[in-house]
Amino acid sequence: MAALDVKNLALSYDGKTQILNDINLHVQDGELVSLLGPSGCGKTTTLRSIAGLIKANQGQIFVNGKDISKVAVYKRNFGMVFQSYALFPHLNVADNVAFGLKNKHVREPELSKKVDEMLDMVGLLDYKKRFPSELSGGQQQRVSLARSLVTEPDLLFLDEPLSNLDAKLRVEMREMIRAIQQRLKLTMLFVTHDQSECFAISDHVAVMNRGTIEQFDSSEKIYHEPATEFVARFIGYENFFSVTKSLDRQHFLLKEGQVFKAAGASPNSSSLTIRPENIDILETQPDADGQNILPGEVLFSTYLGDSYRYEIQTALGTVIAVSSSDKKYPAGKAVFLDFPSRKLLGLNK
Amino acid sequence: MAALDVKNLALSYDGKTQILNDINLHVQDGELVSLLGPSGCGKTTTLRSIAGLIKANQGQIFVNGKDISKVAVYKRNFGMVFQSYALFPHLNVADNVAFGLKNKHVREPELSKKVDEMLDMVGLLDYKKRFPSELSGGQQQRVSLARSLVTEPDLLFLDEPLSNLDAKLRVEMREMIRAIQQRLKLTMLFVTHDQSECFAISDHVAVMNRGTIEQFDSSEKIYHEPATEFVARFIGYENFFSVTKSLDRQHFLLKEGQVFKAAGASPNSSSLTIRPENIDILETQPDADGQNILPGEVLFSTYLGDSYRYEIQTALGTVIAVSSSDKKYPAGKAVFLDFPSRKLLGLNK
Amino acid sequence: MATNQHLFMRIIGIVTLFFLLAPLLLIVVTSFGSEPTISFPIKGFTFSWYANIFAQDTFIQGFITSLEVALLASLTAAAAALPAAYALTRKRNRMNRFLENVFLAPVMVPEVVLGFSLYSSLVIYAHFPLFISLLFGHFLICLPYSARLIIAGMRQFDGSAEEAAWILGSSRLSGFFKILVPNITTSILSGFLLSFINSFNNIPVSVFLSGPNVNMLPTAILNYLQNNYDPTVSAISSCLMLLTLLFMLLAEKKLGLKGFVS
Amino acid sequence: MATNQHLFMRIIGIVTLFFLLAPLLLIVVTSFGSEPTISFPIKGFTFSWYANIFAQDTFIQGFITSLEVALLASLTAAAAALPAAYALTRKRNRMNRFLENVFLAPVMVPEVVLGFSLYSSLVIYAHFPLFISLLFGHFLICLPYSARLIIAGMRQFDGSAEEAAWILGSSRLSGFFKILVPNITTSILSGFLLSFINSFNNIPVSVFLSGPNVNMLPTAILNYLQNNYDPTVSAISSCLMLLTLLFMLLAEKKLGLKGFVS
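Residue numbers (the working numbering), protein chains in the order written: chain A, 1 to 349; chain B, 1 to 349; chain C, 1 to 262; chain D, 1 to 262.
Hint data in this document are derived by calculation from the structure and do not stem from the laboratory.
Fair warning: this is a prediction, and the values are worked out from it, not measured in the lab.
Be aware that one or more of the hints could be misleading.
To be verified - Restraint-style ranges between C-beta atoms, simulated for each label pair:
id	chain 1	residue 1	chain 2	residue 2	range
1	B	Lys-221	D	Ile-14	22 to 32 Å
2	B	Ser-136	A	Lys-221	41 to 51 Å
3	B	Gly-317	A	Gly-65	19 to 29 Å
4	D	Ile-14	B	Pro-109	46 to 56 Å
Claimed, not checked - Here are the simulated EDC-like cross-link-like pairs (lysine to aspartate or glutamate), alpha carbons at most 20 Å apart as the crow flies:
id	chain 1	residue 1	chain 2	residue 2
5	A	Lys-343	A	Asp-248
6	B	Lys-328	A	Glu-31
7	B	Lys-7	B	Asp-154
8	B	Lys-70	C	Glu-163
9	A	Lys-168	B	Asp-95
10	B	Lys-168	A	Asp-248
11	B	Lys-221	B	Asp-248
12	A	Lys-328	A	Asp-248
13	B	Lys-327	A	Glu-225
14	A	Lys-343	B	Asp-306
15	A	Lys-333	B	Glu-175
16	A	Lys-328	B	Glu-175
17	A	Lys-168	B	Glu-160
18	C	Lys-178	B	Asp-95
19	B	Lys-66	B	Glu-152
20	B	Lys-168	A	Glu-31
21	A	Lys-129	A	Asp-154
22	B	Lys-185	B	Glu-152
To be verified - Only part of the chain A face toward chain B is listed, based on derived beta-carbon distances under 8 Å:
id	residue
23	Glu-175
24	Ser-196
25	Ala-200
26	His-204
27	Ser-219
28	Ala-227
29	Phe-230
30	Phe-300
31	Tyr-303
32	Leu-304
33	Gly-305
Quick reminder that beta carbons are idealized off the backbone N, C-alpha and C, glycines included.
Using the sequences and the hints, build the whole thing.
Next up, the structure:
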């Protein structure tokens, strides 16, 4: 496999609206990098530009340091798994997998050997003679994976490969993809709009918004230290408090007049955020100095199975808090919210 | 609104395959009951039979104690929200909402007043003159809700109303539906295949499988005390251990020879189950009596954002455990699993 | 290959367009020629051939008959296809598939055979009036077009909107007229227009079922040509083209030509 | 209403079927009648009218010409439509929409006008050989059918399968023939069959572009009928029906009649 570098990729169909804007990516050999973002953010377009299916207006693509921007798509030696599976309906499973090998002039008996090995790996050796229409969605996607891996491509692209599968299968398939990727040390670029899928599978994540990369970091870093409000919102932060100014390294004056202590936030943060499950709900005001404590009233509760989700009216607006306590607070109940200062993050605009 | 009773509902198209089998349901006045199950389990067919869109072969349907099984669908005074929205494309929003009222010969100015009130409630008063094709999916579904509520039906049916919406909107809409249901004390029957949606919204849940109701209980009870393995699997339990026999009220001999203590399980349980997040992962063998402790080896881990999910090889096969500890155990690591006896549930076949 | 592809397609397009349009243009030009037989290039310019159309009783009468027959046949075909298509699209069983094939079948019988058989049976054998026989033949021509488009329209329309109407208190009949019909008007009108054009321009059926005072315009033109080759035919052809063009523009404007050409 | 609906549809179905089938059956029956003119019920039984078909040079020669023209026109139309449809379906811009209309346009020109204009321009004005003119007219008749079905087939086929082929090392040309074409053979064949049947049975264009030794079967039948009303025409009509029926059964069996009738 190989390393991928994308430099200053830009795309516009009409010369006015910028579809992609200065995309830079570095994928190490043997790494899985995800492009994460809402629909229309340009993640699939980025993938297709790198694969050579779309011609970008600007930028270079390097594979192992070699500029391949001008190389035709069918000479790039890539693999791709499509959301729609994109199997060849008129060929059976074995012929689908053999297609790329035949293009590389691999002959029998090597051809059959490689096809069988690959089908064995995805657990479909018994389905060799079946046609795509006779397979379930999950099986089709595994054939698609086998077909794109058997040619030993430099890079494997996966374009929302799991979004047509049901929830259980999606988890199984993503673990299978991750396991194969780690075992064979493949370099993969994975496009998804699903944050949990993305975190479960990726070494690094590029969060995209409106044709640009908002943050490019390790999964853990994105999850615990989102850089912007867009990234934070997209990965599940729900409470945002505007900062008027920072008082010192740890204290922030909010728009509504409150002062919050946020242990790790940078002084030039423009807002603070916290995950609903990191807010503690208390029934009585704690004895402590009252810092980061806010009184509120329960508006509405939702049972989530292992926890309750509350909308709580406070001086800072409606705050969303999730409590895994077995006790349920009824609507109208007066509570106190504790925002642990280590869990409050600072964000840039 | 009204109470609904369904007695011995059965349906078969060809006299051989039973689509619905002895369905019994009781929905109290002002209650929201969900039918939960995988696709093809018969939940939508049950709903459509009760609504009168499908003729069941057998069984009675009572509304407030009155048998309406023989009443034509258009005289039943029900409301229904469809997965596909099913708005009338040639009518604007106001005319869509007014449609049922006109069938009831409601005249101006009462007609406009009621339509406006209802559109105001779903927040679409400004969209009165728009046509369905000019609205987003979420807006269309709100119009559909308004249209079915404005006639003050005895019962409101919702057939997977949220499954065509994206994740964020789905949460918003379900909270809106729940809020309106509680405020107006509506009786609703809600069909879904999504367990989190179901728990968030329902008073009682009927879990369906192959045309029968497997369990009909409160949300909390279904979540914490699933009756059968099917129900447990469907709502997220992942580890199942076959019981050979019960040794006493609390101890069970497993197929593999281990003895597990399960505090709350019934002596005739045929298997034990536990949620992945209730298993504790320990690095060293605890000093205690070793009961409910199992050594194992980490096979594979997945990052879930707030936690790690592990597949662990043990004498009981592969066990799935989720740990929210910040520490990540690498593949190959030897660990000890603690199965808290209060969290082990007993199941019937 | 992309650009070769494009070039190739353009060449085919231009050749087709040329061989399709050039003859049509020629007809238009010759209709203004002053020579007594059709010739090109024209020597003088005159409108007299257009005037001559009105002097030929057979053209005027043919036009009126064509209008009457095409209109009546299209209307009855649409009226028959609407409830039939509804019943067909609600349930998909063997009986309905068979009936669907019946409604779409006439288009598959060679038209010369259809015309000849209707002439032999209805006119010669059963002594039906010629006009009624002609009308029935055109009904058979129109039925597949109306049925096809209305069936397609109904299949495309989300059936749950009708169910929603029933639950909101509409009977089946009222749901049909208040919800289904208003949402497939485009299909109904497209089917009607397509029927009308095909009926109006038909020759193989009309030629068998024509006689004194019952003669449609295209067959009248054919008859006229057997004895004359003067620009009157060019003139009436130009008029027919103009009418068709107006008709198509109207259809495109009102219906977006949905399912009309294709 | 459901049952009324069903009843109404059945009545329409039965009436249509009766008025469509009865005349056709009558033709078949009369083709075996021994009387010298077509009459029903038949008095005696004979195969001699079928034998008479072969005695008429015009029918044999018409049949051969029809086969040749229909085959060549359908083939060239399919060959032209395939690359054109590919280029058209890859990109949706104004130029392509215009060209698509060109390919589908001939079906909208009144066929009598099309026949007359081709006759006047190609035969009379440009002195093209009659057979070439006839062939070109039939190419124009066939093109919309092939284009329509191939375009529909290509639209329906998931384009990402072709992209997958490129990524797996196929050039565009190779992807076209290895992936796209094998998956739309049904559309191509349906378009070919529909073209063939329509070309074979066409009258309005053939009647203008016929002459000594260049005469298609339907026009030969029409000519024969102007002088004779004997059961030979019934016999040849029966043969035509049988051929069409066989053709349709073959199409239904091989292609599932996909997009064929409808």
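Hints breached by this structure: 1, 2, 3, 9, 10, 11, 12, 20, 21, 26, 28 and 29
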